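Participant: Hey, can you piece these two chains together into the complex? The hints should help.
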Amino acid sequence: MSDDIDDIGDGKVVPDVSDVEALLRELDADDLRLAAPPESVWTGISEAIAADPAPVVALESRRAHRRSWILAAAAAVVLIVGVGVIAIANRGDSDAVVSSAVLVHDPATFDPLGADAAATAKLLDRDGRLEIELTDTTLPSLSGDDDLELWLIEPDSAGNPVDIAPVALIEASDPGTYRVPDGIDPSSHFVVDISIEPRDGDAAHSGRSILRGALESE
Amino acid sequence: MGDHTDALGAAFASGHADLRAIYDAHGPLVYAICRKALGDDGAGEVTQDVFVSAWRARDQFDPARGTLAAWLVGITKRRIIDHVRRERRHSDRRADIGEEPSTATSRSVTEAEVDRVADRMTIAHALDSLPTRPRQMIGLAYVEGLTHQEIAERTGIPLGTIKSDIRRGLLALREHIGGARS
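If you're matching them up, the sequences are chains G and E in order. So in the numbering used here, spot 18 of the first sequence is number 18, and the numbers just go up one at a time. To convert a position in the second sequence, counted from 1, into the numbering used here, add 1000.
Just chain E, same shape as in the assembly (with noise of 0.2 Å):
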């Protein structure tokens, strides 16, 4: 992410952010990848705890081993897989003494999707952290699905240019979702 992100996690390890910054910077991220995974009935608990336990564990977050982004991720994806046993721990208890199951438990998901929804969030995250055009570029040649023809003759951009965009952009995420998996 960008130069801001990056103060804040080196503030965060030393001590001097406050965890509403922190919050502000990634509270979409981590509230987007419990939403996903989980749904909306448990995603902001466990937002909330992810940010918690972020706090209380501060001092073992360490810059040098990845970003504040892909540590809290890393929370995040525990807590989602904590939550879901603890739901699915909850629900058998209600079968076995006969209750209806609760509707507002959250579906189910396995280690492996939590993962993948968290790579997917990690870079719509990322893309979001990119200049505008290559943002753009990027959505319309991989969400919207269109060539790099297309796309020029949609913005009217040189086919150069565009490719030139794509590429740096591309690069970008990479270095980013890696960081994120560290």
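Bound conformation, chain G alone (with noise of 0.2 Å):
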């Protein structure tokens, strides 16, 4: 085939049309009949969303939403002006918000590459779901060899980890929220950190760790 497909592109070079040739080239049958996911998916979707102070509609819905907040807050303040208006209509959560911890970076132990690093952990109760939102971030771009990871951390009573649970790969650019993995309590698991981990296909800690902090209660 391989022949015939030189000349693609009427003799420019086409660099990529061979990657394309050598993905299709390992499809199946299988590959070729993509199925919708079982229902029970949605359902879940929609369950974790609907938990959501936002609730799964359009925007000019959810603006509708945030007016009448607003409106309702004014009347009951007399005055609040906008922005404070706004940012208590987006936050909408503060009662999910189970416990806190400011991580800091220590220059004697942790790698480097986090010194100018900080953000804020907050341990939010969705319904039953828990998770950890990052707020407040400076984190360090990494090259592609590296990758950012969220854990939780069970100390013993003089501060050594006991156990350290993965949570999530993190987004330097879009740190965002994680689920609290099924199985790990965080009043046991109460120290959040944040490690630089290589590509390596070690699951393990990398011991590169940039930011630590105790989560404590609101």
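No lab work stands behind these hints: they were computed from the structure. As the structure is a computational prediction, the values presented were derived from the model and not from experiment. Fair warning: there could be bad hints in the mix.
[Stated by the list, open to error] Here are the in silico distance ranges between beta carbons for each label pair:
id, chain 1, residue 1, chain 2, residue 2, range
1, G, S40, E, Q1149, 44 to 50 Å
2, G, S173, E, T1155, 44 to 50 Å
3, E, D1018, G, V102, 35 to 41 Å
Cβ atoms here follow ideal geometry from the backbone N, Cα and C, with glycine treated the same way.
Facilitator: Next up, the structure:
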């Protein structure tokens, strides 16, 4: 086939076509039958999002909802100026914050790539679904060979790690919110850690922490 | 992909799309990647995580930086690796306390394998969006491994038309997978 494909593009150099061809040759008949996920998946998505402060509706509706918040708040408090009200309306889930931690860099023991890093971690309870939200983040941009990873650590009474549980890889540009894995209890694993993890296939903590802090109740 | 999914991406970015439409358009691709990488056991759970994460982070999606499909595939790859690490960790815990490993544990998969699976499923998904004839020609040529001459003999379609269809199809697929890697 490749002889027939060389003239693709009428003589132009099209380097990626060989990649496409290689991928196509890897496909089998099963690959071509992309099935919809089981309906239970959508049910789970709907339930998870229904527990969010923002419902699954188009933005216009959300904006209308925010406006109603703003009007109600303004009526009750007499006058609250825009920015603060919008912040309240956007936040909306302050009751769900169980605990929080200001994550700090320890220059004596942490990886120097995180010297300027900073973040706040909040443990959220969304109808029983525990999540870690990272806010106010300044995280280092890494090379393509490394990732940032979020961990929950169970310390002993002396502060030494007893257990280190992985939570999720972190997008430095989009830290976001991460579900606490099933089986991990943040009341025991209450130390939040962010580390640099090389893409070496080793799932264990690299030892290259950049930020850490202990969750404390609000 | 086609105009429909482009429009969905633009709507998603501006907050005007409902999640069900996004899910209907891209759920099969996300689920296929998860299923190929993890098997049936973890595929549903991770697919669910991907769309919940995407919805919550929808303000971060920028159509100028890539397609919605590409963005979702990126989230999917990260969630698969998260899942594998979590499963491995749980398996280690069970081993530490002398329990048998769970038979439901997803198989191990490397990041490179996840990338490859994502590329394969992305191109399978893209292939599905091509017009019927180029899709059939490319399927016969690359999945079934027929030569252009054999395709002509089987289908009765002129050789030049077959070459033209395959050429256009490959260029469309290349454009798509380029977007998916962005």
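Participant: Confirm or reject each hint.
Facilitator: These are the hints, each one checked on the structure:
1. G:S40 / E:Q1149: 44 to 50 Å: Since the Cβ atoms of S40 (chain G) and Q1149 (chain E) sit about 48 Å apart, the hinted range of 44 to 50 Å holds.
2. G:S173 / E:T1155: 44 to 50 Å: Between S173 (chain G) and T1155 (chain E), where Cβ atoms are some 48 Å apart, the hint holds.
3. E:D1018 / G:V102: 35 to 41 Å: Taking Cβ atoms as reference, D1018 (chain E) and V102 (chain G) lie about 37 Å apart, which means the hint holds.
The structure agrees with every numbered hint stated previously.
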